[in-house]
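Novice: As a plain string of letters, each chain reads:
4 protein chains.
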Amino acid sequence: MQELDEKILRQVIKPRPQESFKGTFGKVLLVGGNHQYGGAIIMAATAAVYAGAGLVTVACDPLNVTALHTQLPEAMVIDFHDQTALTKLVAQVDTVVIGPGLGTEAASLAVLQTVFAQTKAAQTVVIDGSAITLLAEHRLPLSAGQLIFTPHQMEWQRLSGLAIADQTPTANQAAQAKLGGMVLVKKHHTEIYASTGSWRLPIGSAAQAVGGMGDTLAGMIGGFCAQFRTDVTQAALAATYAHSAIADQLAENQYVVLPHQISHALPAFMKKVAQSGPDHQIGFMN
Amino acid sequence: MQELDEKILRQVIKPRPQESFKGTFGKVLLVGGNHQYGGAIIMAATAAVYAGAGLVTVACDPLNVTALHTQLPEAMVIDFHDQTALTKLVAQVDTVVIGPGLGTEAASLAVLQTVFAQTKAAQTVVIDGSAITLLAEHRLPLSAGQLIFTPHQMEWQRLSGLAIADQTPTANQAAQAKLGGMVLVKKHHTEIYASTGSWRLPIGSAAQAVGGMGDTLAGMIGGFCAQFRTDVTQAALAATYAHSAIADQLAENQYVVLPHQISHALPAFMKKVAQSGPDHQIGFMN
Amino acid sequence: MQELDEKILRQVIKPRPQESFKGTFGKVLLVGGNHQYGGAIIMAATAAVYAGAGLVTVACDPLNVTALHTQLPEAMVIDFHDQTALTKLVAQVDTVVIGPGLGTEAASLAVLQTVFAQTKAAQTVVIDGSAITLLAEHRLPLSAGQLIFTPHQMEWQRLSGLAIADQTPTANQAAQAKLGGMVLVKKHHTEIYASTGSWRLPIGSAAQAVGGMGDTLAGMIGGFCAQFRTDVTQAALAATYAHSAIADQLAENQYVVLPHQISHALPAFMKKVAQSGPDHQIGFMN
Amino acid sequence: MQELDEKILRQVIKPRPQESFKGTFGKVLLVGGNHQYGGAIIMAATAAVYAGAGLVTVACDPLNVTALHTQLPEAMVIDFHDQTALTKLVAQVDTVVIGPGLGTEAASLAVLQTVFAQTKAAQTVVIDGSAITLLAEHRLPLSAGQLIFTPHQMEWQRLSGLAIADQTPTANQAAQAKLGGMVLVKKHHTEIYASTGSWRLPIGSAAQAVGGMGDTLAGMIGGFCAQFRTDVTQAALAATYAHSAIADQLAENQYVVLPHQISHALPAFMKKVAQSGPDHQIGFMN
Numbered sequence: 058m059q060e061l062d063e064k065i066l067r068q069v070i071k072p073r074p075q076e077s078f079k080g081t082f083g084k085v086l087l088v089g090g091n092h093q094y095g096g097a098i099i100m101a102a103t104a105a106v107y108a109g110a111g112l113v114t115v116a117c118d119p120l121n122v123t124a125l126h127t128q129l130p131e132a133m134v135i136d137f138h139d140q141t142a143l144t145k146l147v148a149q150v151d152t153v154v155i156g157p158g159l160g161t162e163a164a165s166l167a168v169l170q171t172v173f174a175q176t177k178a179a180q181t182v183v184i185d186g187s188a189i190t191l192l193a194e195h196r197l198p199l200s201a202g203q204l205i206f207t208p209h210q211m212e213w214q215r216l217s218g219l220a221i222a223d224q225t226p227t228a229n230q231a232a233q234a235k236l237g238g239m240v241l242v243k244k245h246h247t248e249i250y251a252s253t254g255s256w257r258l259p260i261g262s263a264a265q266a267v268g269g270m271g272d273t274l275a276g277m278i279g280g281f282c283a284q285f286r287t288d289v290t291q292a293a294l295a296a297t298y299a300h301s302a303i304a305d306q307l308a309e310n311q312y313v314v315l316p317h318q319i320s321h322a323l324p325a326f327m328k329k330v331a332q333s334g335p336d337h338q339i340g341f342m343n
Numbered sequence: 058m059q060e061l062d063e064k065i066l067r068q069v070i071k072p073r074p075q076e077s078f079k080g081t082f083g084k085v086l087l088v089g090g091n092h093q094y095g096g097a098i099i100m101a102a103t104a105a106v107y108a109g110a111g112l113v114t115v116a117c118d119p120l121n122v123t124a125l126h127t128q129l130p131e132a133m134v135i136d137f138h139d140q141t142a143l144t145k146l147v148a149q150v151d152t153v154v155i156g157p158g159l160g161t162e163a164a165s166l167a168v169l170q171t172v173f174a175q176t177k178a179a180q181t182v183v184i185d186g187s188a189i190t191l192l193a194e195h196r197l198p199l200s201a202g203q204l205i206f207t208p209h210q211m212e213w214q215r216l217s218g219l220a221i222a223d224q225t226p227t228a229n230q231a232a233q234a235k236l237g238g239m240v241l242v243k244k245h246h247t248e249i250y251a252s253t254g255s256w257r258l259p260i261g262s263a264a265q266a267v268g269g270m271g272d273t274l275a276g277m278i279g280g281f282c283a284q285f286r287t288d289v290t291q292a293a294l295a296a297t298y299a300h301s302a303i304a305d306q307l308a309e310n311q312y313v314v315l316p317h318q319i320s321h322a323l324p325a326f327m328k329k330v331a332q333s334g335p336d337h338q339i340g341f342m343n
Numbered sequence: 058m059q060e061l062d063e064k065i066l067r068q069v070i071k072p073r074p075q076e077s078f079k080g081t082f083g084k085v086l087l088v089g090g091n092h093q094y095g096g097a098i099i100m101a102a103t104a105a106v107y108a109g110a111g112l113v114t115v116a117c118d119p120l121n122v123t124a125l126h127t128q129l130p131e132a133m134v135i136d137f138h139d140q141t142a143l144t145k146l147v148a149q150v151d152t153v154v155i156g157p158g159l160g161t162e163a164a165s166l167a168v169l170q171t172v173f174a175q176t177k178a179a180q181t182v183v184i185d186g187s188a189i190t191l192l193a194e195h196r197l198p199l200s201a202g203q204l205i206f207t208p209h210q211m212e213w214q215r216l217s218g219l220a221i222a223d224q225t226p227t228a229n230q231a232a233q234a235k236l237g238g239m240v241l242v243k244k245h246h247t248e249i250y251a252s253t254g255s256w257r258l259p260i261g262s263a264a265q266a267v268g269g270m271g272d273t274l275a276g277m278i279g280g281f282c283a284q285f286r287t288d289v290t291q292a293a294l295a296a297t298y299a300h301s302a303i304a305d306q307l308a309e310n311q312y313v314v315l316p317h318q319i320s321h322a323l324p325a326f327m328k329k330v331a332q333s334g335p336d337h338q339i340g341f342m343n
Numbered sequence: 058m059q060e061l062d063e064k065i066l067r068q069v070i071k072p073r074p075q076e077s078f079k080g081t082f083g084k085v086l087l088v089g090g091n092h093q094y095g096g097a098i099i100m101a102a103t104a105a106v107y108a109g110a111g112l113v114t115v116a117c118d119p120l121n122v123t124a125l126h127t128q129l130p131e132a133m134v135i136d137f138h139d140q141t142a143l144t145k146l147v148a149q150v151d152t153v154v155i156g157p158g159l160g161t162e163a164a165s166l167a168v169l170q171t172v173f174a175q176t177k178a179a180q181t182v183v184i185d186g187s188a189i190t191l192l193a194e195h196r197l198p199l200s201a202g203q204l205i206f207t208p209h210q211m212e213w214q215r216l217s218g219l220a221i222a223d224q225t226p227t228a229n230q231a232a233q234a235k236l237g238g239m240v241l242v243k244k245h246h247t248e249i250y251a252s253t254g255s256w257r258l259p260i261g262s263a264a265q266a267v268g269g270m271g272d273t274l275a276g277m278i279g280g281f282c283a284q285f286r287t288d289v290t291q292a293a294l295a296a297t298y299a300h301s302a303i304a305d306q307l308a309e310n311q312y313v314v315l316p317h318q319i320s321h322a323l324p325a326f327m328k329k330v331a332q333s334g335p336d337h338q339i340g341f342m343n
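Residue numbers (the numbering used here), protein chains in the order written: chain A, 58 to 343; chain B, 58 to 343; chain C, 58 to 343; chain D, 58 to 343.
Treat the hints loosely; a few may be bogus.
It does not matter which identical chain is used: a pair holds within one copy or between any two.
What the hints assert, rightly or not - SDA-like cross-link-like pairs, simulated, lysine to any residue; straight-line CA separation at most 20 Å:
1) K328 with D305
2) K79 with T190
3) K328 with L307
4) K79 with Q93
5) K84 with A148
6) K244 with S77
7) K145 with T161
8) K329 with E309
9) K244 with G80
10) K79 with I221
The hints are simulated quantities; they were obtained by calculation from the structure and are not laboratory data. Note that the structure is a prediction, hence the values are computed from the model and not measured.
Construct the complete structure from the given sequences, taking the supplied hints into account.
Specialist: Right, here's the structure in full:
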């Protein structure tokens, strides 16, 4: 298991090509936000936009449209009950993030099945929160695409069958091999498993133990994967590292870090990385 | 009657354990926010989240969902008319805050009765605003749990039967003994009564005489009690002290202090406390 | 006609009495905000809250509740179509501000008539925007109370019958005497007429020529009159001076000044005034 | 083809005349924002308000009213399905911006046709986004008024019939001549064609490749044209230059620039321009 370090940031976050347009930086669809958990999809979408994804659309319960547009006019929105619109949108994007605040009721399951039926091998699909629980409970066939699972330990237990106490690196790696895709097990010092290796995140703190932190990470991974899509594994690793690196900076002056603060810090953070030389320590946010 | 001082902050607000997750920092349910007073429950929930509670859910009139999610995507929400969902949620949390903007109509009373019927001895229940008025008017049996009442003087008159002019420390202590739980009588130099002692808050100013200040305090007490739940009395005292200490700092440059400003200042304030040595004066917000 | 100067600020804005509570600083009801002009009542209410009014309630079209609560959780709200609730509320407040975004349709007129039928001599009633147009068009009997009219020049023409070219100080003073109350004619160098004198505002600039500026002024006058109610004329003069003094400070660095920026600057501005000595120049916002 | 430089800013953005009122700075109507793309019209309207337009009204799907008022209480709003209100409003304004988030469904087309049927020769009409697509698809007769088209390259292909590879300056100029009005082809180094000349924008960067950037530009053009309406071509050129000049300043510290940040920077930016001497380099935002 490798320790991730800040080199992953410089490998992924490069100065943008001047000859480009919105499509160059990817299209992301985020699916979630039922009647009870609207904030989750808003936080995820905010992360995707501030990470620099070119075009971001949210599919959620229409109850959440106003709160979304108020915080994030940059995002477009559809009703996730509208199967026709949802099916059409999935076909148009590079990356799908599904799960933040999706819920586990019948309507949530229907949404998940619609999305899973439509994704293609060339797409990245980030599977988070309720989507993991639904997958585990209903033993659904997996989506096509490059899958990235982002369970916390309890969700990983549901998905892998491994009790938390049994989630050793060896067992996790074996479970990932069986499942396919990439797996981030979120915990103090998050672990990441893929067919090409495994990584441990040495940074982060208890100031991040706040509702919405995982939704923000899922959105950041979506934004990074859409934008830096030549190597999706690297992109996801960089997003994970950046998420905690920003939180650690904020936690120098805060007892808790609010998820939206991480998103709002992304443009300045990423600029620092893109400008930093290969041999020199990045002084984030200074 | 003891004078509270800033030592209470250091006794309660400690550096967070690294091996932790959201549940470590408690689950809070805030109940209130009818069709007329939606802002009250939003301010209370904002205080609970910024204080560092791990997971925060609001039960309110669905009219308020969008305004809540817009300001506070970190909070989850349910319709407080949905007795089944409300009953289920009460069972899942460490701390309940009931009353901010709840109103005193029939529906408010039904909500209060549902919540009171479900709380258990191990839970903390903060009873504020309209919930106090309803209790007094309908002479309801009290909730199980560690009760914390946060009346202003007129509400305390309703609840204790003591006219404002008769609310002396001795009379208040006797009324608290009869009522049980902990009582904060909010006024210039708030007084706090519990079975283990009584305290007087020597700080605070008229810059805090703004609608919503009490809702913010109730939410902070909820957030502190959920997070620092080994000693709920100490946690409530610390929240009360912190509320006015932050307001006093803001009032150095403001004629009035807006309630949400206190909440937004909490993460930086609490960090200063957690880092400060035991013998040294805390220079808040510098 | 006297030139207003910053002495009016120090005469009105004093350090707050420590022994006080929310009621000490007055209760304001703002009435307006139909389906088309919701922003106007939000801006007015924001001004009243940030000016330091103790308790602020808005009566508006329910369409605007969420936008109001999102920006201003400190305010309470009722549906202005609910005559019973509106009638009850008018009786409970010190100051009514009516007109910002009220509109001129039948429902607006009904609201205006309900409010006018209920106000009492001891109350201050600020009459702005559409309320002035309705008054003029329907030749309604005036409300009881200390009336403050805040027309711009075209509205003043409608109300007084004086064409803009004929609005000389002498003619304006005569029209005020006939109308009663206090009249602010909003223009470059606003003029104020009362039975006790007339004043000219020597400050302000074209950076304030933005929609919503007048709504903010009406709300500030309401907030000042409720809070500094021993001399309502002085309070209104101070609010008018403060509004342009803050705008002038902001306009040093801005081509236009947004109305909400003036409200948000109020707490710091008023603190500077309350702290400044009688003989010394107030360095606002430094 | 001329290179635009910052002289265009000083030619257009002058200190405001003191004897003025809201009408002096123009009335803008922005039309767009259907059920899916509400954020677009909010971003456009924000740009128009912060650019200093005197009065701004939005005609959109009523679904978007709350999100609009929350972010921008300065704007008024009508339901764009209400043909009577829309028709009346078009007659009252100096400038119409149509297209941001309008959509291309039947209702969108009806809105476009209503607006186009009402505009007069003296009005400026900025035609953006979906409005361009609708025009091209339905080969509608053009609106009366001074037309400004703001297509990106694909929309320009639809409107002009020129494939992107064939969009040379000569071909573009010829297409503009046939179409009439002014055409901004948005791309890396945007090109602008009018009957009086053609210009190339030498500034801007890939940090602007974010959804909503074009909506913001359309709103800025509307705000500038309403306010500086003695020379609409110059006003549009200045808006275009200012949009990228602000973005370039923000991009010094940000990997991506969010559209609303450009709008919020406008008042300070425009003040710098209005104060700068003719021979001296403008140090924006310093």
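Novice: Next step is simple, just say for each hint if it's right about the structure.
Specialist: Here is how each hint holds up against the structure:
no. : hint           : verdict
1   : K328 with D305 : both (18 Å within a copy, 13 Å between copies)
2   : K79 with T190  : between (34 Å within a copy, 18 Å between copies)
3   : K328 with L307 : both (17 Å within a copy, 11 Å between copies)
4   : K79 with Q93   : between (32 Å within a copy, 19 Å between copies)
5   : K84 with A148  : within (11 Å within a copy, 39 Å between copies)
6   : K244 with S77  : between (37 Å within a copy, 8 Å between copies)
7   : K145 with T161 : between (23 Å within a copy, 16 Å between copies)
8   : K329 with E309 : both (18 Å within a copy, 10 Å between copies)
9   : K244 with G80  : between (34 Å within a copy, 12 Å between copies)
10  : K79 with I221  : between (42 Å within a copy, 16 Å between copies)
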